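Participant: Listed below are the residues making up each chain.
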Amino acid sequence: MHLRLYIPFHMIEVRDIHKRFGRLLVLEGVSFSINNGGVFAILGPNGSGKTTLLKIILGMVVPDQGDVLMKSKSVINHHAYRKQIAYLPQIARFPDNLTVNELIRMIGDIRNDSGREKELIARFGLDSFLNKKLGELSGGTRQKVNIVLAFMFDAEICILDEPTAGLDPLSLIKLKQLIEEEKRKGKIIIITTHIMPLVQELAQEIIFLLEGKVRFHGSIATLQKQQNEKDLEHAIASILAP
Amino acid sequence: MIKILKYSFYDLMRSRWSYVYLAFYFALGFVLLFLNSDLSKATITLMNIIVVLTPMIGTIFGIMYHYNSREFTELLLALPIKRSTIFVGQYLGISISLSLSLIIGLGIPFLIYGVWNSDAGSQLAILLLSGTFLTFIFVALSVLIGLYNTNKIKGFGYAILLWLFFAMIYDGIFMILLVVFDDYPLNQFALIASLLNPIDLSRIMILLKLEISALMGYTGALFQKFIGTNRGFIVCFAVLSIWVIAPTLWMARMVKRKDF
Chain A
3 MHLRLYIPFH MIEVRDIHKR FGRLLVLEGV SFSINNGGVF AILGPNGSGK TTLLKIILGM
63 VVPDQGDVLM KSKSVINHHA YRKQIAYLPQ IARFPDNLTV NELIRMIGDI RNDSGREKEL
123 IARFGLDSFL NKKLGELSGG TRQKVNIVLA FMFDAEICIL DEPTAGLDPL SLIKLKQLIE
183 EEKRKGKIII ITTHIMPLVQ ELAQEIIFLL EGKVRFHGSI ATLQKQQNEK DLEHAIASIL
243 AP
Chain B
8 MIKILKYSFY DLMRSRWSYV YLAFYFALGF VLLFLNSDLS KATITLMNII VVLTPMIGTI
68 FGIMYHYNSR EFTELLLALP IKRSTIFVGQ YLGISISLSL SLIIGLGIPF LIYGVWNSDA
128 GSQLAILLLS GTFLTFIFVA LSVLIGLYNT NKIKGFGYAI LLWLFFAMIY DGIFMILLVV
188 FDDYPLNQFA LIASLLNPID LSRIMILLKL EISALMGYTG ALFQKFIGTN RGFIVCFAVL
248 SIWVIAPTLW MARMVKRKDF
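If you read the sequences in order, they're chains A and B.
The numbers in the first sequence follow my numbering, run straight up by one, and end at 244.
The numbers in the second sequence follow my numbering, run straight up by one, and end at 267.
In isolation and in its complexed conformation, chain A is listed as follows:
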């Protein structure tokens, strides 16, 4: 742990990102940095560019302007840095004709890494689905597979795009526990969600996107104080409709 004290750089730094899709300007000058481990919630109304921002950090979308730095090194058009990132996409889309087992083995093979999939499979009760084809699974079960894939490798940064979609209450509790555990390991977990109680429970910092810009970046308590509201849901609502 003593090493962490000497880290002189930003773990993740997003600098003045602009992104336009055709005529639609999605992000116009988004900047923030994340320096220490913890859970960071990216919030904002539908279409505010949350997923685009995450995809830019992941390198799936190329920004028109601006830079993303990881440990002070630009990652635009690089790929090796993704070894340190686990990604849980918003919509779990997998090749339909693969079985769960084959998919997990394939990802492990391509990443050249062995993971802790056994533990996670047991945890989310996926054992009986291992030899089923992904096309035959229900939405919630696919999401569980998605979670296993995202957490099976020991990456420093976890990017979770709406991880709770389609999960039953029991799995939701398990997911929260999992996120808590990862947080305690000192990882950076970036999460987008519309479920405020989840944010309140897990996140220590909020990055609020509105109209392509960072409208607020800070702790939940600061936001509540700033907006003069007692709970997060109302504080957020008061930014959107002052």
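Bear in mind the hints are in silico, worked out from the structure with no lab data behind them.
One thing to keep in mind: the hints can contain errors.
What follows is a list of derived Cβ distance ranges for each label pair [to be verified]:
(1) N114/A x F267/B: 21 to 31 Å
(2) N237/B x K75/A: 50 to 60 Å
(3) A34/B x D156/A: 48 to 58 Å
If you want the ones that stay clear, here's a sample from chain B, every Cβ over 12 Å from chain A, calculated [claimed, not checked]:
(4) I51
(5) I111
(6) G164
(7) I176
(8) A200
(9) A253
List time: in silico DSS-like cross-link candidates among lysine-lysine, alpha-carbon distance up to 25 Å [stated by the list, open to error]:
(10) K176/A x K187/A
(11) K85/A x K265/B
(12) K73/A x K263/B
(13) K134/A x K13/B
(14) K187/A x K85/A
(15) K263/B x K10/B
Values in this document were obtained by computation on a predicted structure and should not be read as measured data.
Even for Gly, the Cβ is constructed at its ideal location relative to N, Cα and C.
Position chain B against the provided structure of chain A, taking the given hints into account.
Facilitator: Structure of chain B alone, referenced to chain A:
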């Protein structure tokens, strides 16, 4: 790259269509040999089929696989792999599996009929070589079309149009130009025009090797006259290679700036 290639290849090998394609060539080979019993006549019939069919199958498979594997591609994009590796790997996976269907499907009937005892062996080899070239070229072009068009229907349309253009429309325009400008020396124009169409080019390459000048047509005869059989063959081979390499490099460059 090898891993991506491997998984794309496996994925295609699981699909029924690779086997249908293989069975088709298998049946075609046997029927042709059974009806003709003369190997070199069968090779000429095969040439006409290969030169039109392999580009079509390559185009359709290429564009279909590109759109069908969108989920797989999205999954790969979040992993620590270079983008160009993902797309070039998938492209090679499709092209190799299609070429194997062609080579195995036609190779076995010809082997059984004793291709080694005649000079048809090298003719068959050149036939399979140009079929392989055409597969690689048209898969690359259709994957490029897929990358530029997110809309499936549009992509399919353009891909079919591309095949139609090179297989038929191009020759039509070429003929019209030859007739209209009959009074001018057109040798150079004709040579260059045939280099720009991979289907014409592979037809010429096969005919040069088969040495049937009667079937060679205008450009084929020009090739033989001005460049000679052996050098003509080398030129065809080189230009076909460029036809494979250029779209592949374009693909690798293009995906760098694409959003997913």
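Participant: To test your reading of the hints: which numbers does this structure violate?
Facilitator: none
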